[in-house]
Amino acid sequence: MTVLATPPAHATADAASSGGTARPPGRVRAAVRFTVRRPGLLLSVLVAALVLLAAVAPAVLAGGDPLTGVPAEKLQGPSADHLFGTDQLGRDVFTRVVHGTSLSLRASALAVLVALAAGGSLGLVAGFAGGFVDDAVMRLVDVLQAIPRLLLSLAVITALGFGTTKIALAVGVAAAAVFARVMRAEVLRVRGAGYVEAARASGVRPGAVLLRHVLPNAWGPVLVIAALEFGVSILAVSSLSFLGFGAAPPTPEWGALVADGRNFVATAWWLTTFPGLVVAATVLAANRISRALDTERGDDR
Amino acid sequence: MARYLLRRLLQALFVLWAAFTLSYAILFVLPGDPVDIKLGGIESTATPAEIAAVRDKYGIGEPLPVQYAKALRNAVQGDFGHSVQSGADVRTTITDALPETLKLTGFALLLAVVFGGGIALLATYARNRAIRRLLLSIPAVGISMPAFWVGLVLIQVVSFQWRALPALGNDGFDSLVLPGITMALPAGAFIAQVLAKSMTTALAAPYVDTARAKGAGRARIHLRHALRNASLPTLTVVGVLAGNLLTESVVVETVFSRAGLGRVTAFAVDRQDIPVVQGVVVLSALVFVVVSLALDLLYPVLDPRVTTARAAAA
Chain A
6 MTVLATPPAH ATADAASSGG TARPPGRVRA AVRFTVRRPG LLLSVLVAAL VLLAAVAPAV
66 LAGGDPLTGV PAEKLQGPSA DHLFGTDQLG RDVFTRVVHG TSLSLRASAL AVLVALAAGG
126 SLGLVAGFAG GFVDDAVMRL VDVLQAIPRL LLSLAVITAL GFGTTKIALA VGVAAAAVFA
186 RVMRAEVLRV RGAGYVEAAR ASGVRPGAVL LRHVLPNAWG PVLVIAALEF GVSILAVSSL
246 SFLGFGAAPP TPEWGALVAD GRNFVATAWW LTTFPGLVVA ATVLAANRIS RALDTERGDD
306 R
Chain B
4 MARYLLRRLL QALFVLWAAF TLSYAILFVL PGDPVDIKLG GIESTATPAE IAAVRDKYGI
64 GEPLPVQYAK ALRNAVQGDF GHSVQSGADV RTTITDALPE TLKLTGFALL LAVVFGGGIA
124 LLATYARNRA IRRLLLSIPA VGISMPAFWV GLVLIQVVSF QWRALPALGN DGFDSLVLPG
184 ITMALPAGAF IAQVLAKSMT TALAAPYVDT ARAKGAGRAR IHLRHALRNA SLPTLTVVGV
244 LAGNLLTESV VVETVFSRAG LGRVTAFAVD RQDIPVVQGV VVLSALVFVV VSLALDLLYP
304 VLDPRVTTAR AAAA
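These protein sequences, in sequence, are chains A and B.
Be aware that the first sequence starts at 6, since it is given in the working numbering, and climbs by one per residue.
Be aware that the second sequence starts at 4, since it is given in the working numbering, and climbs by one per residue.
These aren't lab readings, by the way, just hints derived from the structure by calculation.
Keep in mind that a hint or two might mislead.
[Claimed, not checked] Which stretches of chain B does chain A cover? Using the computed rule of at least three CB atoms under 8 Å from a CB of chain A, they are:
no.	segment
1	11-25
2	136-146
[Said to hold, decoys possible] Far from chain A, by Cβ distances over 10 Å, these chain B residues were calculated:
no.	residue
3	G90
4	P209
5	A219
6	V284
In this text the structure is predicted, and so the values were computed from the model without any measurement.
Ideal Cβ placement from N, Cα and C applies to all residues, glycine included.
With the hints as constraints, model all of the structure from the sequences given.
Take a look at the structure:
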């Protein structure tokens, strides 16, 4: 399921005509052509790589301390020393954004995992069991989809309280319905297949049929949804963190950084503009990459 | 038709009941006790009599099924209890805040339909491939922008640099423009994506060839033939967006310090004001149910090929 797995049809023809032994160079050429023709995708991969680097090793990109500032250098505009400027306590905004990446990305990933686990298992059980169970689960999914996701997240936060992990849980719960629907549809598609019937007929227990035969053949499209949902989840997590339901103040978190800069919106534009721009660029990159995965899957069929 | 309508009404009632029950389960069964919230938790200096009075007012202390049955009976009558924070009636709190938010979401939805629809029509109408691709890439960007950031950037540029429009408050149409644009951006982008997709499908249909063979012009084919068929999925999206925008107001009204339902909701979540949050959840489920019922009844009118019988079977 990599982006480069299936080169465009004409590229494959090129590789084939240049002789069977020259296949690897042909593939490389096809891969290069595939990327060069999609500058947006190339840029998205670069952005994603930078963001991942910031999440895994923030010190490589920004060596300073995100929590302590130099009061003498407070509220300075962007410069070579301070790429994104400094805030009201003289902290470097770029350093804070870089060091906030890990927390924001982990929360978004956790949200997708929660939605995948909860929604996926609901859909799996509904599709496999059928009958009454299916009806009950799908009515629950209907209701979840009748309430706007942001509001559902807010209700969960009201009950659980504040914090980054709780935000992630709330976003995940709100997204579960989508996964349940896709998973159920896939299980229904796979359930009637010959190999499932064969497994059943040869006496494999229902649980084993579900896990060994149905699940592996049903989860491809669900994983694509997970990729698409990652961008949505970054937006949702940062919105809730902007509203002040995330980590307590000194901790840098993407949405909270924008909220911090709100009081200086008239005098220090860089405090809100740059962190928000990073969120937008990350979401855009995540969406572009997952769309590439999606069409790739479409080509495979 | 009558049977179909009855069935749809029953479904709608079920969704409302389930939304109420689900929010009741999330909000009341999980930790977070109105008594603690109201009287200040462990450090509370409340006397036992005060505690008993609060418990009585919010119906705590009775067995859970009894509490639930009472709450449900009250909710059916439109009574969602009292705000834990202000003590005010939840229904009045919501209906007082609603008009300002309806103005905002209505305006935003209008902008979203006009500009989102416009971009989709232009993109599918353009003959030049570069222009077409450029127009089609705008929605993808619009959908990726955090609304809270778009709002703040608009305030910076339009309100503080150009001094053109007010940044804050609920002061007439001028103060509606920036929050309206902020809210309309992702919604319009979504509408553009859906309409562009269904326009592309519609333009490939055989009836378009027929119309072309009969000598219809490009504009006529696009607007009279393809758009009429492509508009149905978009209508569904607009309906869903109507409910979502009400919730989106939580973020937008916070950014622009506007009074309205969004601020009420944000405040209620912040103070764990459970009855208010539940009232808002049930209201949004009500909006969803009413809009989807209206759309279902509207489809056969707009497209004679859709019959209620077929809609019922789907």
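Hints versus structure:
1. 11-25: holds (count 5)
2. 136-146: Since 4 is at least three, the answer is holds.
3. G90: holds (18 Å)
4. P209: holds (24 Å)
5. A219: holds (33 Å)
6. V284: Violated, because the least Cβ-Cβ distance between B/V284 and chain A comes to about 6 Å, which does not exceed 10 Å.
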